[in-house]
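First to last, the protein sequences are chains A and B.
At position 320 of the first sequence the residue is numbered 320 (my numbering), and the sequence of numbers has no breaks.
At position 212 of the second sequence the residue is numbered 212 (my numbering), and the sequence of numbers has no breaks.
Calculated directly from the structure, the hints in this document are not laboratory data.
Cβ coordinates follow ideal geometry from the N, Cα and C atoms, glycine included.
Errors might be hidden in some of the hints.
If you want the ones that stay clear, here's a sample from chain B, every Cβ over 10 Å from chain A, calculated [said to hold, decoys possible]: (1) Gly28; (2) Lys29; (3) His47; (4) Gln49; (5) Ile54; (6) Gln61; (7) His159; (8) Pro162; (9) Trp226; (10) Leu227; (11) Ile234; (12) Met258; (13) Asp348.
Mimicking BS3-like on lysine-lysine, the simulated pairs with C-alpha atoms at most 27 Å apart in a straight line are [to be verified]: (14) Lys540/A with Lys182/B; (15) Lys266/B with Lys238/B; (16) Lys525/A with Lys257/A; (17) Lys433/B with Lys85/A; (18) Lys535/A with Lys179/B; (19) Lys247/B with Lys335/A; (20) Lys359/A with Lys421/A; (21) Lys266/B with Lys335/A; (22) Lys540/A with Lys179/B; (23) Lys28/A with Lys462/A.
Derived DEER-like restraints, expressed as beta-carbon distance ranges [as the list claims (entries may be wrong)]: (24) Ala547/A with Gln205/B: 41 to 47 Å; (25) Ala248/B with Lys417/A: 42 to 48 Å; (26) Phe79/A with Gly64/B: 48 to 54 Å; (27) Asp7/B with Phe79/A: 44 to 50 Å; (28) Asp7/B with Asp207/A: 32 to 38 Å; (29) Phe79/A with Lys87/B: 20 to 26 Å; (30) Leu334/A with Arg192/B: 33 to 39 Å; (31) Glu73/B with Phe79/A: 41 to 47 Å.
Chain by chain, the residues run as shown.
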Amino acid sequence: MAEYIIKNGFVFDPVQGIKGDKSDVAIKDGKIVSDVSKSAKVIDAAGKTVMAGAVEIHAHIAGPKVNLGRIYRPEDKLFTCTATKGIERTGSGNSIPSTFKTGYEYAKMGYTTAMEAAMPPMFSRHVHEEIRDTPIIDEGAFPVFGNNWFVMEYLKNNEVENTAAYIAWLLRATKGYAVKVVNPGGTEAWGWGLNCLSIHDPVPYFDITPAEIVKGLIEANEYLGLPHSMHIHPNNLGNPGCYQTTLDTLNLADGYKAKNKFGREQVMHITHMQFHSYGGENWGNFESKATEIMNFVNSHKNLTMDTGNVTLDETTTMTADGPFEHHLTGLNHLKWANCDVELETAAGVVPYIYSPDIKVCAIQWSIGLELALLAKDPMRCFITTDHPNAGPFTRYPRVFKWLMSEKARNERLNTFKNADKVIAASTLGSIDREITLYELAQMTRAGPAKSLGLANICGGLKPGMDADVAVYDFNPDKPLADPEMIETAFSRAAFVFKSGVQVVTHGDIVNTGHKRTLWVDAKVKDNPQVMRDIKEKFLKYYSMTQANYEALGHHFVPNPFALEVDATQA
Amino acid sequence: MTKTVTDVVCPFCGTLCDDLEVAVTDDGKQILDVYNACAIGAEKFLHSQAKDRITRPRFQQPDGTWKETSYDEAADYTAKMLAGAKKPLMYGWSSTNCEAQSMGHEIAEMCGACVDNTAAVCHGTTLIAVQDIGLPTCTLGEVKNRADTIIFWGCNPCHAHPRHMSRYSIFPRGFFTGKGHKSRKLVVVDPRVTDTAKMADIHLQVTQGQDYELLNAFRVAFKGEWLPDVVAGIPKEKIIEAANIMKAGRFGIIFFGMGVTQSLGKNHNIDEAIAVTKDLNEYTKFSIMPMRGHYNVTGSGEVLAWQFGYPYSVDLTRGFPRYNPGDTSSIDLLTRGEIDAAFVIGSDPGAHFPISAVKKIAQVNSVCIDPHITPTSGVSKLHVPVAFVGVETGGNAYRMDNVPIDCRKVVEPPEGMLTDEEFLTMVRDRVKKLKGVA
Chain A
1 MAEYIIKNGF
11 VFDPVQGIKG
21 DKSDVAIKDG
31 KIVSDVSKSA
41 KVIDAAGKTV
51 MAGAVEIHAH
61 IAGPKVNLGR
71 IYRPEDKLFT
81 CTATKGIERT
91 GSGNSIPSTF
101 KTGYEYAKMG
111 YTTAMEAAMP
121 PMFSRHVHEE
131 IRDTPIIDEG
141 AFPVFGNNWF
151 VMEYLKNNEV
161 ENTAAYIAWL
171 LRATKGYAVK
181 VVNPGGTEAW
191 GWGLNCLSIH
201 DPVPYFDITP
211 AEIVKGLIEA
221 NEYLGLPHSM
231 HIHPNNLGNP
241 GCYQTTLDTL
251 NLADGYKAKN
261 KFGREQVMHI
271 THMQFHSYGG
281 ENWGNFESKA
291 TEIMNFVNSH
301 KNLTMDTGNV
311 TLDETTTMTA
321 DGPFEHHLTG
331 LNHLKWANCD
341 VELETAAGVV
351 PYIYSPDIKV
361 CAIQWSIGLE
371 LALLAKDPMR
381 CFITTDHPNA
391 GPFTRYPRVF
401 KWLMSEKARN
411 ERLNTFKNAD
421 KVIAASTLGS
431 IDREITLYEL
441 AQMTRAGPAK
451 SLGLANICGG
461 LKPGMDADVA
471 VYDFNPDKPL
481 ADPEMIETAF
491 SRAAFVFKSG
501 VQVVTHGDIV
511 NTGHKRTLWV
521 DAKVKDNPQV
531 MRDIKEKFLK
541 YYSMTQANYE
551 ALGHHFVPNP
561 FALEVDATQA
Chain B
1 MTKTVTDVVC
11 PFCGTLCDDL
21 EVAVTDDGKQ
31 ILDVYNACAI
41 GAEKFLHSQA
51 KDRITRPRFQ
61 QPDGTWKETS
71 YDEAADYTAK
81 MLAGAKKPLM
91 YGWSSTNCEA
101 QSMGHEIAEM
111 CGACVDNTAA
121 VCHGTTLIAV
131 QDIGLPTCTL
141 GEVKNRADTI
151 IFWGCNPCHA
161 HPRHMSRYSI
171 FPRGFFTGKG
181 HKSRKLVVVD
191 PRVTDTAKMA
201 DIHLQVTQGQ
211 DYELLNAFRV
221 AFKGEWLPDV
231 VAGIPKEKII
241 EAANIMKAGR
251 FGIIFFGMGV
261 TQSLGKNHNI
271 DEAIAVTKDL
281 NEYTKFSIMP
291 MRGHYNVTGS
301 GEVLAWQFGY
311 PYSVDLTRGF
321 PRYNPGDTSS
331 IDLLTRGEID
341 AAFVIGSDPG
351 AHFPISAVKK
361 IAQVNSVCID
371 PHITPTSGVS
381 KLHVPVAFVG
391 VETGGNAYRM
401 DNVPIDCRKV
411 VEPPEGMLTD
421 EEFLTMVRDR
431 VKKLKGVA
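Between the sequences and the hints, there should be enough to build the whole structure, so can you do that?
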């Protein structure tokens, strides 16, 4: 493999504590190395910013609900198609881009790893087909567990070991990466058109509460010692006053300590916190509770979170929170798609327009930024748009601009149609913090990588790590003349390397690399009871056979990369 | 001695049963019997064993006779035809696996082709309605485990999806439906007294072409508003009775077929049926599902959507995807004479398109990829027989509820025969050379 040396760039690497020093990054055989031979190809990064490839911790980019969005929104393609160009396949779509476009766009922004945030286990083969067709970036997918019949039955009887054995089996069968929980219990209730809006609402028939499901899954996750923690989208998303449910959920992690060999410290990752930080009793007195939420997160080291920043675009919401999407279509009267999945989960899709002229949307925008700016530890608070729910991932550079420039965000804040009311509903206007490039590298690289248990693999530039490197046309030494320069620079990286292969040059795709599918292979003690239960459920209640359930074979996972966990001694 | 292959997936209809067992000879070369399948599915496996099967590509001669050729020459011809055409049509895809579809799309992108599947003459109208209003749906296991109200509208699963009722919708005893069919109400809406209608608790014999009116009347009935004495041939009392059954159930579903998608009103019928479903979710839990026909027509829509953004009738002639059914759909392209080459795989437009469109296929350079001799192969210049997907090769397929199931290889294809994917890969490599793509 080729050798490269990226010379004279301003390097930002939280893993090694490098804060913009001018130094060189050397690449050999797909890894970062301390030195290369004289024949190494020189990449001139003088006057440029150098970071590790960015890590996306939560996005909906592959699978049945994403594709349902593509199928039912031809309007999302309007003016967004790109023609075949060199090695780039044609692309289409804005909030739900085609798989090829998804891979290219991430790479062009310097992202090299991304996690599909909600995989319905029964559809894992579909998710993996799309991941296969998403070029360049390494991807993993989180199967959903929070409304799974096995999980609810085991946890009702406090059978953590059985839950763990089932999780290990399902991760293997679906080639999944982590334990995802969406509206625990509420989505099962949605099977009957109902919901669980608090952590103590019992799930119909199963007679277990969301709180018990969450605690049980944390315990099972730590029993196995998985790379990532339990990753949760709490109950009561998106409703005025929901922050109380969020605080209740966060409290459930109290007393738990991470147990794993990957360097992960949290036991719970709360995703798209923006949607869970709402105060008020109705849309009239809707307000931000970001301060309350961040006070809690800042003081609890066993939590990580991502923001879910609203980008003020027309987008497509999609979630395994089936009842929420039904609620949303009632609010905005746009087309509603839903799919309930037997024994496991559900999903809904509704288009949404975050208009700057609508007060609530502008407050949502404020809350997302407020959360990131109130975070005391950037290694525990990551930037996402919950793509495409709060906005397309292609808007990350714009979010960076708002976070890194007070001027840029105040310009936006002060020109909202309802600026007075929007400013009054949050503390954003009084925050003068500007995220630094080092903090940005923490929030988009080292932080998410550590949370995912990938701290030794990606998110940093330490010798021995994967050579995922992004070089941006951004000179941190020069005074920032115009905040737009941030957005421009981070939209199109000058150079991007993925596992040591140069994939982007001056914003163009030059190589599609060796994309990998990340999954977690957890070994547990033989558990005949769980194996019998699985067999029985397939015989009696699934509509397909157990033998056809697993995502097996080259056409689903052509280039697997398994993180191994041994819980046989647990 | 024989051996039995289990968990075999049936490559016939959108029900995609995956519990078949197939007895094969010890050498794995011959199928002896098929268990658990319906009559149609079993026949699909058994007729692959026909001794007089075509096993090599063949060119049609001017006098209508056929001349055998090699796969290499067939791939040369196909590649040259597609690469040289201004606006080639690549139609079908519904009876092959997703890997072949994917390979075909790569070719289509290089050649600027129009890619379309059988939804164009089937559930394409459903897709248009879904783009208009959405789709509350579920997997078939949800129906098995929860549903107590089943509506078949304009479809006849007794004959078209023979195991649908026993596996998913009427008879199975699921988690919350321990009494099987005794715990389910069946409403059938059909102008004909079909075998499915004969099983119904309520058969609404709608006047042909007035499905929209009846669906609309249901929405009125749910709200308890005024109705005329008779709508679409159904007395008001009967409409209200059926409406109350739907509202009273705990979990209901509407399955619908060609009777509503391709009769008067087309996509508007489906619009209204989905609106009925949405309305019912104010009272109870309700879903709706199209009864997709070919075993992998759903998969073709999925692969097209994730690669190009649209589920059918995709026009790549400008180098990027465009979609405008009525303009970019196969029959319209053919009858307007815009197509200068036709490539057909995994379907039989010769038997299902209007004769005016079929004549156009006969007039241009054409290739038909199909294990069988069909009306389409009959009008094509080149016929390429291939191995049967789901019998002689595996590959992924999508059930009518979008659940992907990987098909199984049960026996070896006849000596020297290629699969769809293998043949398309040969064509792709040749097109790359012709187009000068690295």
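Status of the hints after comparison with the structure:
1. Gly28: Correct as stated: the minimum Cβ-Cβ distance to chain A is 18 Å, above 10 Å.
2. Lys29: Holds, since 23 Å exceeds 10 Å.
3. His47: holds, 24 Å
4. Gln49: holds, 24 Å
5. Ile54: holds, 27 Å
6. Gln61: holds, 37 Å
7. His159: holds, 21 Å
8. Pro162: holds, 16 Å
9. Trp226: Trp226/B is indeed farther than 10 Å from all Cβ atoms of chain A, at 25 Å.
10. Leu227: holds, 26 Å
11. Ile234: holds, 27 Å
12. Met258: Given that every Cβ of chain A is farther than 10 Å from that of Met258/B, nearest at about 20 Å, it holds.
13. Asp348: The claim stands: Asp348/B keeps its Cβ more than 10 Å from every Cβ of chain A (closest is about 25 Å).
14. Lys540/A with Lys182/B: holds, 18 Å
15. Lys266/B with Lys238/B: At roughly 25 Å apart (the allowed maximum being 27 Å), Lys238/B and Lys266/B satisfy the hint.
16. Lys525/A with Lys257/A: holds, 23 Å
17. Lys433/B with Lys85/A: Holds. Lys433/B to Lys85/A sits at ~17 Å (cutoff 27 Å).
18. Lys535/A with Lys179/B: Within the cut-off at roughly 22 Å; holds.
19. Lys247/B with Lys335/A: Measuring from Cα to Cα gives roughly 22 Å; hence the hint holds.
20. Lys359/A with Lys421/A: Answer holds: Lys359/A to Lys421/A is near 7 Å, not above 27 Å.
21. Lys266/B with Lys335/A: Between Lys266/B and Lys335/A the Cα gap is close to 19 Å, so the pair holds against 27 Å.
22. Lys540/A with Lys179/B: holds, 13 Å
23. Lys28/A with Lys462/A: holds, 13 Å
24. Ala547/A with Gln205/B: 41 to 47 Å: Given range 41 to 47 Å: holds, Cβ gap about 43 Å.
25. Ala248/B with Lys417/A: 42 to 48 Å: Holds - the Cβ-Cβ distance for Ala248/B and Lys417/A, about 46 Å, lies within 42 to 48 Å.
26. Phe79/A with Gly64/B: 48 to 54 Å: Holds: the Cβ-Cβ distance is about 49 Å, inside 48 to 54 Å.
27. Asp7/B with Phe79/A: 44 to 50 Å: holds, 46 Å
28. Asp7/B with Asp207/A: 32 to 38 Å: At 34 Å between Cβs, range holds.
29. Phe79/A with Lys87/B: 20 to 26 Å: holds, 23 Å
30. Leu334/A with Arg192/B: 33 to 39 Å: holds, 37 Å
31. Glu73/B with Phe79/A: 41 to 47 Å: holds, 44 Å
Going through the hint list in order, the structure satisfies each hint without exception.
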